[in-house]
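Asker: Sequence:
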Amino acid sequence: MVDKTKLPDIKFYFEKKKKFLHLVQLTTATTTTTTTNMLLLFYVLTFSIQATVSFGKRPNIIIILTDDLDVELGGLNPLKKTKVNIGDEGIYCTNAFVTTPICCPSRSSILTGLYLHSHGVVNNSLEGGCSGLKWQKKFETNTFGSILQSHNYKTFYAGKYLNRYGYKSSGGVGHVPKGWDWWIGLVGNSAYYNYTLSVNGSKVRRGTQESDYLTDVIKEYSLKFLNEHQTFNNEFLMFINPPSPHEPFTPAKRHLGKYDKIKAPRTPNFNKLTDKNGKHWLLRLPPNELPSNVIERIDTIYRNRWETLLSVDELVETIIMKLKKLNILNETYIIFTSDNGFHMGQFELPWDKRQPYETDIRVPLMIRGPGIRSRKRKKFKDVVLNIDLAPTILEMSGIREKYKMDGKSILNDIIESNNNNNNNDMKSRNFLVEYEGEHDVGRGKKNPCYEDNNNNLKLCYPETCCKCFDSKNNTYLCLRRISGRENIIFCLFDDDESFIEFYDINRDPYQQINLSPQINIKFWTSVLDCCRHYMKFNINVVDYCFHRFKIPEII
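Per my numbering, residue 2 is the first one in the sequence shown, and the count goes up by one each step.
Incorrect hints may appear among the rest.
[What the hints assert, rightly or not] For lysine-lysine, the following DSBU-like pairs were computed, each having C-alpha atoms within a straight-line distance of at most 30 Å: (1) K81 <-> K204; (2) K81 <-> K264; (3) K382 <-> K403; (4) K382 <-> K473; (5) K326 <-> K84; (6) K273 <-> K403; (7) K225 <-> K323; (8) K138 <-> K403; (9) K262 <-> K58; (10) K225 <-> K264; (11) K473 <-> K273; (12) K204 <-> K139; (13) K273 <-> K262; (14) K409 <-> K273; (15) K403 <-> K377; (16) K169 <-> K473; (17) K377 <-> K58; (18) K409 <-> K382; (19) K204 <-> K82; (20) K377 <-> K428; (21) K325 <-> K225; (22) K204 <-> K179.
Simulated from the structure, these hints should not be mistaken for laboratory data.
The model shown is predicted, which means the values in this text are computed figures rather than measured ones.
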């Protein structure tokens with residue numbers, strides 16, 4: 002019986018065959034059919050075939066997922082080698098977003114191609130579903146890793162997984178998620194030194210030596226996997242998850258002080274609420290301006306974040322060099338992105354994510370590989386969501402079976418854009434941004450800053466002058482609509498105020514003026530109610546609900 006999983010993408014190869022036959026016709030029409038010319042044509046065709054993925058062999062796929070890497074505040078600046086080796090050789094996706102701006106839900110969405118409301122991981126807590134029993138039984142078995150492994154890909158995972166992974170309450174280090182032949186999973190949240198790994202289910206403890214730096218350890222495991230790839234007799238998938246630039250923001254010792262002169266960008270909304278009544282109540286909590294000591298801390302964190310990224314830049318360069326040495330670089334897709342963005346001082350908030358603003362939901366995304374190699378620093382303008390990565394990876398591998406996913410593959414659009422000399426015209430896209438705030442109810446923890454815990458405030462520290470990062474009522478559902486003409490976001494916060502925020506980002510890129518008093522509230526709440534009602538059905542809920550109601554003049 003023929004193993005269908007080993008067959009190539011027939012459409013892909015027939016298109017190449019058609020181009021080759023066209024080349025033959027052009028050549029024979031303009032040259033004499035001498036032996037020399039026919040030999041020359043033979044070598045041209047042979048070289049062209051060898052330069053693409055070999056017939057019968059699927060591409061390898063590598064995903065590099067950073068942790069809390071922003072794009073709005075210059076987060077890519079330290080990653081010079083990464084940009085040269087991935088973005089400049091492929092394509093930059095300039096409108097990449099996450100549908101939930103926090104680690105565990107976003108990573109769950111990346112793995113499954115599902116929105117938060119579909120996979121049920123609503124925040125970073127075990128109570129919020131992070132690496133919980135429901136996730137492990139229902140969704141962890143249907144990640145793109147599990148699917149590719151079932152189609153005979155050799156699979157590798159290294160680094161951070163989900164924030165609650167490896168704890169006793171989540172199955173301990175012995176729990177190895179389905180789909181990964183090589184498993185080097187970090188226990189808990191991001192760390193750089195003094196951490197525990199699950200290495201194929203066995204506990205490995207690392208300390209404080211320079212050789213224990215997690216990004217470097219991930220690099221060594223990655224090289225070991227690549228060195229053994231020729232013994233696999235099949236293609237591979239690598240999912241590489243360094244901790245950078247997540248807190249505790251610890252650079253490798255060799256990189257300390259590399260950026261000691263820089264400061265966090267003073268954007269127009271830095272330490273400022275222009276429209277003080279236009280932001281939901283969590284942002285209106287005191288202090289109303291961050292004091293100088295908190296600003297100094299923001300600058301220190303900004304520098305440290307950049308310095309942690311230098312080890313990621315080295316990791317990327319090392320992997321690229323190894324792929325070149327193994328002569329498999331041109332048959333390998335490489336995706337570089339982040340699980341969410343990050344804010345640093347915007348709207349009088351100290352540093353974190355979790356908010357539905359551009360700093361938190363926009364992420365970097367670069368892709369290179371067969372069909373999209375370029376040296377033109379090509380930009381892809383269409384919206385790409387974190388839920389699009391899983392279906393895109395499936396299409397890259399040639400898998401044709403349909404799986405229930407909320408996202409869609411963007412591979413063909415990227416290849417078409419890459420082959421077009423002009424930058425692509427932006428296609429319109431409607432999508433959701435959703436989050437359920439964390440809180441301390443039932444944990445027996447007293448808020449260190451506030452006596453009154455009725456609002457279930459979360460992550461409030463004296464070092465930030467008790468400006469809180471989260472709360473139970475920091476729960477929202479947003480509608481985002483982007484096209485060549487529009488770039489708008491409507492957010493409804495699930496609190497006593499039922500607070501609404503609306504921004505026209507083309508006119509107000511820093512989201513300083515809440516336009517909710519000027520819009521057709523009935524239309525937007527109707528679309529939102531429609532989305533909530535139809536979320537349980539397997540449909541493209543956002544587009545369906547937008548088209549169900551007549552879109553008014555927005556502003």
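Asker: Run every hint past the structure and note whether it holds.
Answerer: These are the hints, each one checked on the structure:
With a CA separation close to 35 Å, the supplied pair K81 and K204 exceeds the 30 Å bound. Between K81 and K264, the direct Cα distance comes to roughly 19 Å. Compliance with the 30 Å bound is thereby established for this hinted pair. For the given pair, K382 sits about 26 Å from K403 by alpha-carbon distance, which is consistent with the 30 Å threshold. For the proposed pair K382 and K473, the alpha carbon gap of about 35 Å is over 30 Å, so the pair is violated.
A C-alpha spacing of about 20 Å is found between K326 and K84, which places the hinted pair at or below 30 Å, so the restraint holds. Taking the CA atoms of K273 and K403, the gap is about 47 Å. The hint is violated against a cut of 30 Å. For a cut-off of 30 Å, the pair hint linking K225 to K323 stands: about 11 Å separates their Cα positions. About 20 Å separates the Cα atoms of K138 and K403, which keeps this hinted pair within 30 Å; it holds.
Only pairs whose Cα atoms come within 30 Å are accepted, and K262 paired with K58 is rejected, the gap being roughly 49 Å. Distance restraint check for K225 and K264: the Cα-Cα separation of roughly 38 Å exceeds the 30 Å cut-off, and the hinted pair is therefore not satisfied. Of the pairs offered as hints, the one joining K473 and K273 holds, with about 24 Å between alpha carbons and a cut-off of 30 Å not exceeded. For the given pair, K204 sits about 25 Å from K139 by alpha-carbon distance, which is consistent with the 30 Å threshold.
Pair hint K273 plus K262 holds up; C-alpha atoms about 24 Å apart against a cutoff of 30 Å. Between K409 and K273, the direct Cα distance comes to roughly 38 Å. Violation of the 30 Å bound is thereby established for this hinted pair. A C-alpha spacing of about 34 Å is found between K403 and K377, which places the hinted pair above 30 Å, so the restraint is violated. Between K169 and K473 the alpha-carbon distance is near 25 Å, which keeps this suggested pair within the 30 Å criterion.
Proposed proximity of K377 and K58 is supported: the alpha carbons are some 28 Å apart, at most 30 Å. Distance restraint check for K409 and K382: the Cα-Cα separation of roughly 16 Å lies within the 30 Å cut-off, and the hinted pair is therefore satisfied. Between K204 and K82 the CA atoms are separated by roughly 33 Å; this puts the pair beyond 30 Å, and the hint is violated. With a C-alpha separation of about 22 Å, the suggested pairing of K377 with K428 holds against the 30 Å cut-off.
Annotation: proposed proximity of K325 to K225 holds, straight-line Cα distance about 15 Å (limit 30 Å). This hinted pair checks out: K204 and K179 have alpha carbons roughly 18 Å apart, not beyond 30 Å.
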